[in-house]
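S.K.: Listed below are the residues making up each chain.
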Amino acid sequence: MKKFTALLFATLLSVAVSAADIGQPAPDFTATDINGQAIKLADFKGKIVVLESFNPDCPFDHNHYATGAAQELQKEFTGQGVVWLLVNSVSPKNSSHRSPAQAQAEWKKLKLAATAWLDDRSGDLGRLYGMNTTPHVFVIAKDGTLAYAGAMDDHPRPDGDPRQAKNYVRAAVENLLAGKSVEIPKTKPYGCAVHY
Amino acid sequence: MRKFLTSIGLLLLLVTTAARAAHTEAQLLLAAEQARPGDTVLAGIKLTMEPGWHTYWKNPGTAGQATSIKWTLPPGVTAGEIQWPLPKKDVVSDIITFGYEHEVVLLVPLTLDKSIAPGTVNLGAKVSWLECNESCIPAGTDVEAGLEVGSEMKNSTEVALLEQWRAKVPTTDNKFAAHAFWPEPATNNMRELRLEVDWVTPAATMHRTVDFYPDASEDFEIQADTKKILDSTGELDFTKSVKKFSGEWPAKISGVLVVDDVAYETEFPVLETKSSVTPAAVPMANRFVEPPPSLLKMLLLAFIGGLILNVMPCVLPVIALKILGFVSEAKSDPAHIRKLGFAYTLGVLASFLALAALVIGVKAAGHKAAWGMQFDSPVFIVCLTTLVTLIAINLFGVFEVTLNGGTMDAANKLASQSGAGGAFFNGVLATVLATPCTAPILGAALGFAFAQPAPVLVLIFLAVGTGLAAPYLLLSWNPTWLKFLPKPGAWMEKFKMAMGFPMLATVMWLLSVASSTYEKKVVWLGVFLVFVATAAWIFGEFAQRGRTNKFVAGIVALVVLAGGYAFALEKQLDWRHPQTPTAADRTQPDGIWHAWSPEAVFAARTNGHPVLVDFTADWCLTCQLNARTSLDIDSVSNKLKEINAVAFKADYTHFPDNITEELNRYNRAGVPLVLIYPADTSAPPFVLPELLTEGIVLEKLDAAAK
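So the sequences go chain by chain: X and Y. Per this note's numbering, the very first residue in the first sequence carries number 134; after that it's consecutive. Per this note's numbering, the very first residue in the second sequence carries number 395; after that it's consecutive.
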């Protein structure tokens, strides 16, 4: 059984490597958000989707949210019809794990402006996309292909004002909204390891 | 109002973070209490982490952040770059991090300007780090220390700790050549990079762990896995997967090459294809000298190997002699027995010293030295064969060995036979007969020894000798342990005669070795041995035990011996001018076996066959034993057919240079060596143990087929 799980895990990983490639269809998934609602990528066909691996305890994420920079970006984009999904893959074994109730409270406290917070406690979604760090952001174009993968911005530090940095996600989404192809489709993600 | 609440919320959040106590302590250490203007003082930031917490290296890896140091220094003091000790690599699925647990000291050289005024200077730094266990916390602290600028350099108490950590910083003065290339085009954003280092002994490296910790890069990431590969020239390469995020594929990769626990700051220029420079063309000075294995470990291996030599087939007849010696001595004075034990040990050690001198001499003369190389000398083999024949007929009682040549009574006889000279001779004989048998374990130690400077070589040889002599030395030291041996008596004479037969068997083996040189004419050596035996009988029966005309009998014996020598050895055999057959003459394909050459092995491997190579020699008894029990048997030849493998025999009887080189690649000084190359050409071969069983060979062949 253990061997089987390992095999399954390995398969998932290899899928992740081959599936989440720029220009290729972004792998479909079904996940549950912190309000118990089922979220399917296929439901957002025709919309730009931002997937952000998220762990509010990670100092790098913390900096994006404590300064309010991330919420501003979310508000701006969701107002233009962009779907922004936070993917929290922290395992229940880790002290940074959030139960749905805790996550709901945090949502209010941080005034999150994303579309939904996905509870990926199994880590399946994170691994499917090969999310290694928090934050690690994926932007999916309207046609369902992966248009950007990488860091939030060019400021790999847990301090300072993110608004001063070059935000790759903003650039990618703005490119797509303008009907252009993404100029910088890939960057090296930074941050904390995802606690699968 | 709303804005105000937001800022309170923000403040609260920040407060929560700050309130968490740091799990890492930082301290500024200086190697000197006092220094002169112009001196450079080594400073260290010591980070002590709580159990479970870690901080990061200069390249944190996929996640994390490097520790940073911001100095506040008075005018006249400048800080150098941080010298990072080798970090620990941690891999969880795709996430790779480089960091430190428990404790680390980050080293920074501080240089005092020549113009700096004497007095105390305050050195300060703000250290910031990211500490992580399950979760991560950014933390930092201010550290400071005072340094006296004076007229002399005074070390502080911290100098030992700082030096200890400096030893863990990768070395930078590397002369070895390193380069890399892309064997395949990229698949999406992943590409395999092949890294090549010109090693001095590539095969030794195969048994080591090799890794590469890259410097941080925004454009690409080097994955955790390392795959070792033997290339077509037998050099060891290794590969790393590179994941590209942006820009072109890198034209050079810099970072730390880690071989076992030793680290080297290395830059690999990335070529488009494999370097055209053949490994042999790379000068030794530009090769990578691997950290030597510990001498102590090698000495221990040599000792154990020597111990095991005692039960190898080559030495068994000598053991018989030793047992006899002990039985006859059991009732003697303990001091006398001890003396004999010593003499035997001395004999062994003296012979090993002679062998070491031989090896050193051959090496100094610029030739390739090999274990057991004296067996390549036909003169040596003829002398040894004659000697062992004489021992056999001596044991049969045909003649006696006495020091003064006269007749003696029984008591005297016993004393002289087991005298110190005899024991010394026994030791020499044991060593001489032992050399063709590289015992298990001995291979590694000897392989190491042959590549070492003379003093180490001598030391290792002496360790082997001590191992060989140890059982007897121990027994003679404590003769009460001899109690389990039967009492001396008339049976000893019969036992002694019986022991003549293993000696005759040894003669047969030596004859077979000699036949590799003399071929069919080896029969004349046999004829000579008959003359020798006859002369010995005439000498024993009429000169030693006869009553009259002893002198005449002695002359007759000498004439017979001289006649036999002149006729058989000189005229018929022409023993001093043997025709050494060329390798091509000898390596006739024999059944499933093909003649070995590096090219043939390479060709067979490129065609997808698993390959079995038996490095063997006529004089190597262990090799012959392996062939009989585990290689030249039906089950193995069936298995070879079944997995479509190709088998090669490499004949080392006459020490061809290309085989010596190949053996050296595997850190061996001699045969036996059996290799099984897997079908997967990127995998290194299995090195089989020196003493084989059918099971080992079949199992490895199965593994090689996969």
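There may be inaccurate statements among the hints.
Claimed, not checked - Take a look, some chain Y residues computed to stay more than 12 Å from chain X by CB distance:
| hint | residue |
| --- | --- |
| 1 | Thr-456 |
| 2 | Ala-533 |
| 3 | Gly-534 |
| 4 | Asp-567 |
| 5 | Phe-614 |
| 6 | Lys-637 |
| 7 | Glu-659 |
| 8 | Arg-732 |
| 9 | Ile-754 |
| 10 | Val-1030 |
Stated by the list, open to error - Computed from the model, here is a short list of chain X residues facing chain Y with C-beta under 10 Å:
| hint | residue |
| --- | --- |
| 11 | Thr-163 |
| 12 | Thr-211 |
| 13 | Gln-213 |
| 14 | Val-215 |
| 15 | Arg-303 |
| 16 | Lys-319 |
Unchecked claim - Computed list of lysine-lysine pairs in DSSO-like fashion (alpha-carbon distance at most 30 Å, straight line):
| hint | chain 1 | residue 1 | chain 2 | residue 2 |
| --- | --- | --- | --- | --- |
| 17 | X | Lys-178 | Y | Lys-638 |
| 18 | Y | Lys-638 | X | Lys-275 |
| 19 | Y | Lys-548 | Y | Lys-562 |
| 20 | X | Lys-313 | Y | Lys-638 |
| 21 | Y | Lys-548 | X | Lys-321 |
| 22 | Y | Lys-965 | X | Lys-321 |
| 23 | X | Lys-299 | Y | Lys-452 |
| 24 | Y | Lys-733 | Y | Lys-483 |
| 25 | X | Lys-226 | Y | Lys-482 |
| 26 | X | Lys-173 | X | Lys-242 |
| 27 | X | Lys-299 | Y | Lys-548 |
| 28 | X | Lys-226 | Y | Lys-548 |
Everything labelled a hint here was simulated from the structure, so no lab data went into it. All C-beta atoms, glycine included, are put in the ideal place defined by N, C-alpha and C.
S.K.: Give a verdict on every hint.
M.R.: Status of the hints after comparison with the structure:
no.: 1; hint: Thr-456; verdict: violated (5 Å)
no.: 2; hint: Ala-533; verdict: violated (9 Å)
no.: 3; hint: Gly-534; verdict: violated (10 Å)
no.: 4; hint: Asp-567; verdict: holds (31 Å)
no.: 5; hint: Phe-614; verdict: violated (8 Å)
no.: 6; hint: Lys-637; verdict: violated (9 Å)
no.: 7; hint: Glu-659; verdict: holds (23 Å)
no.: 8; hint: Arg-732; verdict: holds (61 Å)
no.: 9; hint: Ile-754; verdict: holds (54 Å)
no.: 10; hint: Val-1030; verdict: holds (32 Å)
no.: 11; hint: Thr-163; verdict: violated (22 Å)
no.: 12; hint: Thr-211; verdict: violated (19 Å)
no.: 13; hint: Gln-213; verdict: violated (23 Å)
no.: 14; hint: Val-215; verdict: violated (23 Å)
no.: 15; hint: Arg-303; verdict: violated (17 Å)
no.: 16; hint: Lys-319; verdict: holds (5 Å)
no.: 17; hint: X:Lys-178 - Y:Lys-638; verdict: holds (29 Å)
no.: 18; hint: Y:Lys-638 - X:Lys-275; verdict: holds (25 Å)
no.: 19; hint: Y:Lys-548 - Y:Lys-562; verdict: holds (24 Å)
no.: 20; hint: X:Lys-313 - Y:Lys-638; verdict: holds (23 Å)
no.: 21; hint: Y:Lys-548 - X:Lys-321; verdict: violated (47 Å)
no.: 22; hint: Y:Lys-965 - X:Lys-321; verdict: violated (84 Å)
no.: 23; hint: X:Lys-299 - Y:Lys-452; verdict: holds (23 Å)
no.: 24; hint: Y:Lys-733 - Y:Lys-483; verdict: violated (58 Å)
no.: 25; hint: X:Lys-226 - Y:Lys-482; verdict: holds (24 Å)
no.: 26; hint: X:Lys-173 - X:Lys-242; verdict: holds (26 Å)
no.: 27; hint: X:Lys-299 - Y:Lys-548; verdict: violated (50 Å)
no.: 28; hint: X:Lys-226 - Y:Lys-548; verdict: violated (52 Å)
Violated hints, in rising order: 1, 2, 3, 5, 6, 11, 12, 13, 14, 15, 21, 22, 24, 27, 28; the structure is consistent with all others.
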